[in-house]
Amino acid sequence: MRTARSKVNHNFKVFRYSHEVRYLQIDGNTFDSVAIAGNEFVVIYDLDIGMSLDEYVDIMAVGNICLDSAHFGNFNVTIYSLFLKKITVIFEVQRWYSHAGAKLRQQMGLGELVVTTQLAYTQIATKLVNDDEFEMEIPSRIDRIDLEQLIFNSDCDTCFQ
Numbered sequence: 013m014r015t016a017r018s019k020v021n022h023n024f025k026v027f028r029y030s031h032e033v034r035y036l037q038i039d040g041n042t043f044d045s046v047a048i049a050g051n052e053f054v055v056i057y058d059l060d061i062g063m064s065l066d067e068y069v070d071i072m073a074v075g076n077i078c079l080d081s082a083h084f085g086n087f088n089v090t091i092y093s094l095f096l097k098k099i100t101v102i103f104e105v106q107r108w109y110s111h112a113g114a115k116l117r118q119q120m121g122l123g124e125l126v127v128t129t130q131l132a133y134t135q136i137a138t139k140l141v142n143d144d145e146f147e148m149e150i151p152s153r154i155d156r157i158d159l160e161q162l163i164f165n166s167d168c169d170t171c172f173q
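Note that the sequence shown covers residues 13 to 173 in the working numbering.
Simulated from the structure, these hints should not be mistaken for laboratory data.
Warning: the hint list may mix true and false statements.
As the list claims (entries may be wrong) - Here are the computed lysine-lysine pairs in the DSSO-like style, where the Cα-Cα straight-line distance is at most 30 Å: (1) Lys97 <-> Lys115; (2) Lys97 <-> Lys139; (3) Lys139 <-> Lys115.
Said to hold, decoys possible - Taking CB as the label site, the calculated pair distances span: (4) Ala73 <-> Ser152: 30 to 40 Å; (5) Gln130 <-> Asp167: 36 to 46 Å; (6) Leu65 <-> Leu159: 33 to 43 Å; (7) Asn88 <-> Lys139: 35 to 45 Å; (8) Thr129 <-> Asp167: 30 to 40 Å; (9) Thr138 <-> Gln118: 30 to 40 Å; (10) Gly121 <-> Leu96: 14 to 24 Å; (11) Glu145 <-> Asp167: 34 to 44 Å; (12) Gly62 <-> Met148: 30 to 40 Å; (13) Lys115 <-> Val69: 17 to 27 Å; (14) Asp167 <-> Thr138: 34 to 44 Å; (15) Ala73 <-> Gly121: 20 to 30 Å.
Ideal Cβ placement from N, Cα and C applies to all residues, glycine included.
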């Protein structure tokens with residue numbers, strides 16, 4: 013559990029599909045984002061489909077944890093969050109464009125952040141908010157991956173395989 017020393021703002025990046033700030037729509041299922049966050053140290057940002065790329069990336073850069081929305085998002089969210097070295101929980105669903113980001117994360121050794129059920133999504137998001145050690149472990153694992161070689165180097169023979 014979080015201690016007094018770690019009471020920092022966690023900024024969840026959330027794609028919001030309803031007019032209720034509290035709820036997050038994921039593939040037709042409604043999640044209570046306040047319950048996922050679970051404490052007053054979480055800020056939920058709403059992203060608008062009409063945002064410029066700069067605005068979008070600026071909001072992602074502020075956040076600590078990215079809750080990807082299924083079925084939209086996923087691959088682009090995964091790439092942007094990797095570029096920014098952000099933790100991303102990916103909800104993989106049965107749409108072809110939902111699989112690319114999930115598979116990339118699994119190949120990188122971050123498969124525990126890819127979930128396929130509502131319960132697992134809520135559990136991993138809650139764990140990231142409440143477990144300091146786990147939350148700090150993920151960025152350190154991302155730091156050890158050569159992202160330039162793995163996905164951002166267009167001259168690489170193995171890129172995007």
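Each hint tested on the structure:
{"no.": "1", "hint": "Lys97 <-> Lys115", "verdict": "17 Å, holds"}
{"no.": "2", "hint": "Lys97 <-> Lys139", "verdict": "19 Å, holds"}
{"no.": "3", "hint": "Lys139 <-> Lys115", "verdict": "22 Å, holds"}
{"no.": "4", "hint": "Ala73 <-> Ser152: 30 to 40 Å", "verdict": "19 Å, violated"}
{"no.": "5", "hint": "Gln130 <-> Asp167: 36 to 46 Å", "verdict": "41 Å, holds"}
{"no.": "6", "hint": "Leu65 <-> Leu159: 33 to 43 Å", "verdict": "19 Å, violated"}
{"no.": "7", "hint": "Asn88 <-> Lys139: 35 to 45 Å", "verdict": "25 Å, violated"}
{"no.": "8", "hint": "Thr129 <-> Asp167: 30 to 40 Å", "verdict": "39 Å, holds"}
{"no.": "9", "hint": "Thr138 <-> Gln118: 30 to 40 Å", "verdict": "21 Å, violated"}
{"no.": "10", "hint": "Gly121 <-> Leu96: 14 to 24 Å", "verdict": "19 Å, holds"}
{"no.": "11", "hint": "Glu145 <-> Asp167: 34 to 44 Å", "verdict": "38 Å, holds"}
{"no.": "12", "hint": "Gly62 <-> Met148: 30 to 40 Å", "verdict": "35 Å, holds"}
{"no.": "13", "hint": "Lys115 <-> Val69: 17 to 27 Å", "verdict": "23 Å, holds"}
{"no.": "14", "hint": "Asp167 <-> Thr138: 34 to 44 Å", "verdict": "41 Å, holds"}
{"no.": "15", "hint": "Ala73 <-> Gly121: 20 to 30 Å", "verdict": "24 Å, holds"}
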